[in-house]
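Undergrad: One-letter residues, chain by chain:
Number of protein chains: 4
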Amino acid sequence: MALFPIAVVVGSFRKDSFNASLAAALEKLFPADFSFIQVRIDDLPLYNQDDDANPCAQVRRLKAEIVGAKGVLFFTPEYNRSIPGVLKNALDHASRPYGQSVWNGKPAGVLGVSVSPVGTATAQQHLRNILAYLNMPTLGQPEVFIHHKDGLYDAHGNIGDASQKFLQGWVDAYVAWVKKHA
Amino acid sequence: MALFPIAVVVGSFRKDSFNASLAAALEKLFPADFSFIQVRIDDLPLYNQDDDANPCAQVRRLKAEIVGAKGVLFFTPEYNRSIPGVLKNALDHASRPYGQSVWNGKPAGVLGVSVSPVGTATAQQHLRNILAYLNMPTLGQPEVFIHHKDGLYDAHGNIGDASQKFLQGWVDAYVAWVKKHA
Amino acid sequence: MALFPIAVVVGSFRKDSFNASLAAALEKLFPADFSFIQVRIDDLPLYNQDDDANPCAQVRRLKAEIVGAKGVLFFTPEYNRSIPGVLKNALDHASRPYGQSVWNGKPAGVLGVSVSPVGTATAQQHLRNILAYLNMPTLGQPEVFIHHKDGLYDAHGNIGDASQKFLQGWVDAYVAWVKKHA
Amino acid sequence: MALFPIAVVVGSFRKDSFNASLAAALEKLFPADFSFIQVRIDDLPLYNQDDDANPCAQVRRLKAEIVGAKGVLFFTPEYNRSIPGVLKNALDHASRPYGQSVWNGKPAGVLGVSVSPVGTATAQQHLRNILAYLNMPTLGQPEVFIHHKDGLYDAHGNIGDASQKFLQGWVDAYVAWVKKHA
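Residue numbers (the working numbering), protein chains in the order written: chain D, 1 to 182; chain S, 1 to 182; chain F, 1 to 182; chain R, 1 to 182.
Mixed in with the good hints, there may be bad ones.
One copy or any two copies: either way a pair holds, since identical chains are not told apart in the list.
[To be verified] Derived DSS-like pairs (lysine-lysine); straight-line CA-CA distance at most 30 Å:
1) K63 / K149
2) K149 / K180
3) K180 / K15
4) K149 / K179
5) K165 / K28
6) K180 / K28
7) K180 / K63
8) K165 / K149
9) K15 / K179
Don't read these hints as lab results, they were simulated from the structure.
All chains should be built: construct the whole structure from the sequences, respecting the hints.
TA: See the structure below:
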């Protein structure tokens, strides 16, 4: 029985998204009392404040999924040294109307994978500013800037040996963080 | 005859957007050899890298409008201490595919109006990081953090006396900036 | 008997520092089981990694004071849209040598007062990035961007009526934050 | 005869600073009409606004050196995901008193070398915010995040083959940038 459902938000819709693959592999490292909700954000409209009074079904679904979660994991690519517009659009939707943000208080984890050696460090720097404003306690260390390369996964899509210990350590820290803030 | 067409990108779609009003009023302060293209971004799809090879008509229109401009003005609200997702989505679209960004080299100006006394300073801080990466020379000073309040406009929608001198100075600086970088 | 000694770091050395005044007034709003260590940073040398092996007495004192604290309050002015160099210098000293940072895990609060209506929002945005890296759980909301003006304090240097309720609410939130992370 | 003296500011005082080495090697890639002023910042006091009226000799020297330059190169390490306090301290000194900043209008270049694969990307993100406020036109692309490793230099301390073409391209872009803004 899952006591800690975690919302998983991936900032890329690409069919072979590196970040979606990382999310799928990382989930396997969690203990049995954690479960995962794959939050769909690719069918949201572009945010328009005039719609605040009558949010569409997709926005209501997004908000309900976050409300039901005990924590949120963000897997973000880096586009133009910041987070993707599509991820920010989802963050904006679920933060409105003013005073009715559903992000408030949810313990967050931030991860990113990229083909660039710089990883997603600058995107994460912006994301952390946004999450602080949204009042989401966000795990500080360890940082997760994954460089996509051969050997990241084994033949079964599990995290490969080179990164397994590091990412298991991250999961353990996030699990404790969620329990502290739940 | 307009020699300096400027693309105007507003980060809010709200019918009574403060930033759209500011854009309309500011344009009147420019000299006669500047003209303006109101860039529509509210009908863009959410960016998906899988569509890079076959961009839709709206994305092609966006890119063509930026290509035809001698400069770009960004009017941004602040959502959750960053720029709106909808503005970042437009920035992402026109920056792709990799190596085919149309923003490259276009002299930029950054402005924002808000009901908050903090203005849009933190949103602009993120936006400037993005524009630096997009290789858009961006006017530094003066900064434009407009506080929306009575008297910002006169009865005809022109900039009111309290802000007229400051904003005319900004326009003059931006005009010189565009001519230097054109 | 104080169970929760809190280190107070002020980013300005000015004799009549607005941030030092705010620190002094804010301390009075805490419950009796909290006490305060005024951390001196104006006599630190400029950080040089070559000195890591033999830190001077002032650096050793700084690190010992942070080690002894159950939390850290940062009161920061904004210089050039970031935190003062003198505050970053103190952060750098106590974070070294690599792996021996004393900031790790200390629950932090961020505040700032300024004569500018923009307050210290952009400085705080940078500071929050630094504190995330230093693995300091940092209170998200409410944000404290104080505008220095008449009536901020009463005749006795206490927080005046206009800001009292807001700042008492902030203190209550920070007290709970420290107890959660202690 | 040098027509374009460039001030070089290095954010590390370490005897074997990677950034100082990069500065020395990069200077050799400039054309003959550029010369370099090594700006000393390790003997500056910690900035205190109370000293604005009577700056010490070191601060006056710093300001005079920047005044005499046609551009400024910043070589920054990354400390705690931002620029070093010692670099920010120098930026603060030469920006004061209010209205008498000597940085104003000087075309800037930003570079950094690090042993980390993430390079100095997040430090540079903060530095670019500061330089925008200081009204320094700053070269956007290419970005220079150098990974310190074997082969970066040849036996004579010149840039090695692997990075030579990239850095020569950067120098050529910066030279054109300085001439445009001089």
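Undergrad: Hint by hint, say whether it matches the structure.
TA: Results for each hint:
no.: 1; hint: K63 / K149; verdict: neither (35 Å within a copy, 32 Å between copies)
no.: 2; hint: K149 / K180; verdict: neither (34 Å within a copy, 39 Å between copies)
no.: 3; hint: K180 / K15; verdict: neither (35 Å within a copy, 41 Å between copies)
no.: 4; hint: K149 / K179; verdict: neither (33 Å within a copy, 41 Å between copies)
no.: 5; hint: K165 / K28; verdict: within (13 Å within a copy, 44 Å between copies)
no.: 6; hint: K180 / K28; verdict: both (21 Å within a copy, 29 Å between copies)
no.: 7; hint: K180 / K63; verdict: both (23 Å within a copy, 27 Å between copies)
no.: 8; hint: K165 / K149; verdict: both (17 Å within a copy, 25 Å between copies)
no.: 9; hint: K15 / K179; verdict: neither (33 Å within a copy, 43 Å between copies)
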